[in-house]
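Q: Each chain is listed here by its residues.
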Amino acid sequence: MDNHKMVYREEAFELLVDLETALLELEETPEDEELIGRVFRSLHTIKGSGAMFGYEDVAAFTHEIEAVYEQVRDGRLTVARDLVSLSLSACDLIRKMVAEEDLDTTHAAEMMGRFREFLPEGAATDRPGDAAAPFTPLRTRTYRIRFHPHPGLFAAGANPALIIDEIRGLGDCEVVAHFQDVPPLDELDPEACRLSWDLILQTDRGENAIRDAFIFVADTSDLEIQAMDAGPNPKDGPTDFRRIGEILLERGDITPEALDDALSEQARELAVDRRAERRISEIGVVSSIRVPADKLDTLVNLVGELVTVQANLSRKGGMSDDPELLAISEEVERLITSLRENAMSLRMLPIGSTFQKFRRLVRDLAEELGKEAAMTTSGADTELDKTVIDQLNDPLVHIIRNEIDHGIEPPHVREALGKPRQGTIHLSAAHSGAKVLIRISGDGAGLDTDAIRARAIERNLIPPDMELEEDELHNLIFSPGFSTAKRVTDVSGRGVGMDVVKRRIEALHGKVEIESRRGQGAAITLSLPLTLAIIDGLLVRIGTTHFVLPLSAVEECLELNREEANQSRDRGMMRYRDRMIIYLGLREFFGIDGEPPAIERVVVSDIGGEKIGFGLDQVIGHHQTVIKPLGRIYRDIQGVSGATILGDGSVSLILDVHQIFQSMEGQGGKEDSAEKH
Amino acid sequence: MTTETDLPAGLVKAVGSFTIYETAALREAMVSAFDGPEGLILDLGGVTECDAAGVQLICSARLTARKTGKTFHVQAVSNAVVQAMEGVGLDPFDILNP
Chain G
1 MDNHKMVYRE
11 EAFELLVDLE
21 TALLELEETP
31 EDEELIGRVF
41 RSLHTIKGSG
51 AMFGYEDVAA
61 FTHEIEAVYE
71 QVRDGRLTVA
81 RDLVSLSLSA
91 CDLIRKMVAE
101 EDLDTTHAAE
111 MMGRFREFLP
121 EGAATDRPGD
131 AAAPFTPLRT
141 RTYRIRFHPH
151 PGLFAAGANP
161 ALIIDEIRGL
171 GDCEVVAHFQ
181 DVPPLDELDP
191 EACRLSWDLI
201 LQTDRGENAI
211 RDAFIFVADT
221 SDLEIQAMDA
231 GPNPKDGPTD
241 FRRIGEILLE
251 RGDITPEALD
261 DALSEQAREL
271 AVDRRAERRI
281 SEIGVVSSIR
291 VPADKLDTLV
301 NLVGELVTVQ
311 ANLSRKGGMS
321 DDPELLAISE
331 EVERLITSLR
341 ENAMSLRMLP
351 IGSTFQKFRR
361 LVRDLAEELG
371 KEAAMTTSGA
381 DTELDKTVID
391 QLNDPLVHII
401 RNEIDHGIEP
411 PHVREALGKP
421 RQGTIHLSAA
431 HSGAKVLIRI
441 SGDGAGLDTD
451 AIRARAIERN
461 LIPPDMELEE
471 DELHNLIFSP
481 GFSTAKRVTD
491 VSGRGVGMDV
501 VKRRIEALHG
511 KVEIESRRGQ
521 GAAITLSLPL
531 TLAIIDGLLV
541 RIGTTHFVLP
551 LSAVEECLEL
561 NREEANQSRD
571 RGMMRYRDRM
581 IIYLGLREFF
591 GIDGEPPAIE
601 RVVVSDIGGE
611 KIGFGLDQVI
621 GHHQTVIKPL
631 GRIYRDIQGV
641 SGATILGDGS
651 VSLILDVHQI
661 FQSMEGQGGK
671 EDSAEKH
Chain H
1 MTTETDLPAG
11 LVKAVGSFTI
21 YETAALREAM
31 VSAFDGPEGL
41 ILDLGGVTEC
51 DAAGVQLICS
61 ARLTARKTGK
71 TFHVQAVSNA
81 VVQAMEGVGL
91 DPFDILNP
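Chain order of the listed sequences is G and H.
Per this note's numbering, the very first residue in the first sequence carries number 1; after that it's consecutive.
Per this note's numbering, the very first residue in the second sequence carries number 1; after that it's consecutive.
Quick caveat, the hints were computed from the structure, so don't treat them as lab data.
The reader is advised that the hints may include incorrect statements.
As the list claims (entries may be wrong) - FRET-style restraints, in silico, Cβ to Cβ:
| id | chain 1 | residue 1 | chain 2 | residue 2 | range |
| --- | --- | --- | --- | --- | --- |
| 1 | H | Tyr-21 | G | Asp-92 | 49 to 55 Å |
| 2 | G | Glu-333 | H | Ala-25 | 45 to 51 Å |
| 3 | G | Ser-345 | H | Tyr-21 | 31 to 37 Å |
| 4 | H | Tyr-21 | G | Ser-378 | 44 to 50 Å |
| 5 | G | Asp-297 | H | Ala-24 | 33 to 39 Å |
| 6 | G | Asp-165 | H | Tyr-21 | 53 to 59 Å |
Stated by the list, open to error - Over 10 Å on every C-beta distance to chain G, these chain H residues come out as not near it, computed from the model:
| id | residue |
| --- | --- |
| 7 | Ile-41 |
| 8 | Asp-51 |
| 9 | Val-74 |
Backbone N, C-alpha and C fix where the C-beta goes; we use that ideal spot for every residue, glycine too.
All chains should be built: construct the whole structure from the sequences, respecting the hints.
A: So this is what it looks like as structure tokens:
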């Protein structure tokens with residue numbers, strides 16, 4: 001796909017998230033002019049850029065919605081729940097259009113029709129590209145528009161001719177172009193815009209319509225719009241002077257340049273301010289750049305390689321007697337540590353945008369289930385690795401769905417219980433050491449431990465006479481296939497949700513904890529590593545091959561003598577404290593030749609509440625593991641999630657204990673397919 | 001875009017696009033022409049596309065001629081150039097003629 005289109009897509013998806021957030025907030029405060037402006041600007045940008053990049057369907061469809069919100073902005077229509085609902089559905093449709101998915105055109109046409117119903121009788125909208133037709137014409141006024149682009153205007157891809165053309169379309173317009181700031185050829189940077197314009201426009205479309213024309217150049221230009229028949233603008237100095245100047249200009253007694261010079265003289269102090277503002281805005285423009293995620297991944301990979309080389313250098317430096325080499329190696333180590341921290345921070349994103357997406361989910365689900373729920377957030381600026389954030393979406397959806405479906409009570413029940421009609425789901429994020437804690441709490445009914453117990457017995461998850469602590473009962477909801485829903489709903493799915501959540505979070509080297517108080521609500525806390533690019537690992541050896549086990553999966557290390565090890569191998573089980581747990585010899589699993597040592601080591605892992613012991617030759621110790629992805633050919637290998645390079649340059653595979661467990665149990669395919677439902 | 005130059009005569013002929021993407025190369029050619037004794041003769045008859053950056057470059061050439069006292073003569077102009085000037089609110093006659 002062409003790069004520009006890709007950038008448009010990314011921006012459109014971001015704008016749609018922002019639009020949805022603004023719409024949901026607008027539903028709460030329908031009179032908020034700033035929110036109305038935000039909705040309108042998002043729509044206008046999606047429409048304008050859509051037309052520019054060949055998404056004609058997006059432009060045409062968005063134009064209809066924009067026309068309705070133009071009514072809202074001009075105070076002729078009030079935002080109500082039905083308009084917000086329709087607009088949110090429209091966001092979904094636009095998202096599909098931008099993603100170039102197959103569309104039901106009848107549905108799109110029907111939705112456009114529903115938007116038109118919000119417009120006054122007989123009003124029609126023009127095609128996009130033209131501004132919307134005035135439904136109730138405003139008073140005709142004359143505006144003076146001073147358009148002073150920044151030098152970066154051309155480079156930003158803006159075409160002033162198109163803007164001027166759009167202004168001309170609003171009414172009678174006189175354009176005065178200034179080129180006195182254009183330097184001679186030997187001083188000219190041909191890509192820097194040195195032209196500026198004054199436009200005198202007579203229109204009944206209002207100032208907002210004029211501002212809309214400049215919406216794409218707001219960051220790369222200074223714009224002043226003044227109604228000529230309005231009161232004086234103190235910025236322009238004495239009113240009489242301005243009027244005389246314009247009269248002289250109209251009579252042709254002075255040139256526009258001379259008028260401009262005189263006005264500049266009057267506003268010299270203001271010009272200083274303006275220059276300062278411009279400088280600040282220019283700094284703002286370059287303060288962030290958009291970089292494709294794969295470039296950042298490459299950078300992090302390269303830094304990972306450097307870390308490995310540096311480890312090798314430090315080893316050599318330590319072995320050598322050369323103090324100079326040692327000093328160099330220490331300096332390189334310091335620099336690389338700093339470089340690694342910087343490179344990792346580039347991939348960190350605030351979790352806020354992910355949180356925002358769920359406002360819509362909460363609203364829609366609550367509506368679907370006849371409940372009332374609102375979402376609140378805190379710690380939205382907490383940063384997490386992009387990869388973690390990307391993989392967090394599905395687990396959070398499952399948790400929120402479950403909370404609304406099973407936790408939040410219907411409004412009349414809540415009222416009877418003395419709770420507010422509207423339930424609250426609170427999403428929070430906070431750093432805790434090298435972990436991020438994401439907590440999803442709801443003020444619903446909390447977990448019904450009696451129902452959980454009954455269900456677990458019915459599903460043969462626990463024997464009927466088994467005594468369990470309350471938190472153990474709570475944790476049963478993470479068992480595969482568990483569901484306390486009396487009826488199967490589209491919302492909470494078919495009881496696959498919470499076990500999938502636990503597996504997904506564990507696959508991210510994280511943990512899930514649940515707290516619940518009957519009648520007061522429940523909270524699920526996800527504890528996640530800041531990044532997936534480097535993990536804490538346990539370096540182990542089988543024969544001459546090294547492997548890394550993620551430390552988060554390690555519970556305990558044990559030893560077995562030859563006899564115990566042979567028994568465990570034969571039975572596939574081993575004794576662990578006072579019970580039997582699954583045993584798997586990694587030597588056999590990976591088909592590594594050679595004799596096991598007399599004393600075999602076992603690493604015990606907890607996988608979804610199930611203990612499993614992995615037999616191996618030697619536990620070497622803690623290892624900061626820079627994860628390298630496996631190539632395409634090795635991607636489907638069971639039991640391995642990646643590789644890392646050790647200090648001596650040799651490659652070590654990182655074990656995926658969950659996958660090993662699944663492949664042992666033969667559950668891989670089954671659970672995967674369940675997850676997709 | 002192609003640029004044909006006959007620098008001893010000061011001729012710079014632009015063919016095709018005359019936009020921000022081409023202005024850097026055209027500026028070089030124009031500066032070289034002004035370095036000569038004759039000044040610049042610009043042939044814009046073959047320009048098929050022109051934007052505000054192109055128009056700005058022509059304005060700059062006009063100002064250079066005024067500042068250096070050398071000749072600036074536009075010997076041919078295409079409709080695309082005229083429309084670009086009108087589009088940004090400039091009178092082509094003022095810019096193209098001394």
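Q: Hint by hint, note whether the structure agrees.
A: Results of checking the hints against the structure:
| no. | hint | result |
| --- | --- | --- |
| 1 | H:Tyr-21 - G:Asp-92: 49 to 55 Å | 38 Å, violated |
| 2 | G:Glu-333 - H:Ala-25: 45 to 51 Å | 48 Å, holds |
| 3 | G:Ser-345 - H:Tyr-21: 31 to 37 Å | 36 Å, holds |
| 4 | H:Tyr-21 - G:Ser-378: 44 to 50 Å | 48 Å, holds |
| 5 | G:Asp-297 - H:Ala-24: 33 to 39 Å | 34 Å, holds |
| 6 | G:Asp-165 - H:Tyr-21: 53 to 59 Å | 21 Å, violated |
| 7 | Ile-41 | 14 Å, holds |
| 8 | Asp-51 | 6 Å, violated |
| 9 | Val-74 | 15 Å, holds |
In the structure shown, a violation is registered for the earlier hints numbered 1, 6 and 8, in ascending order.
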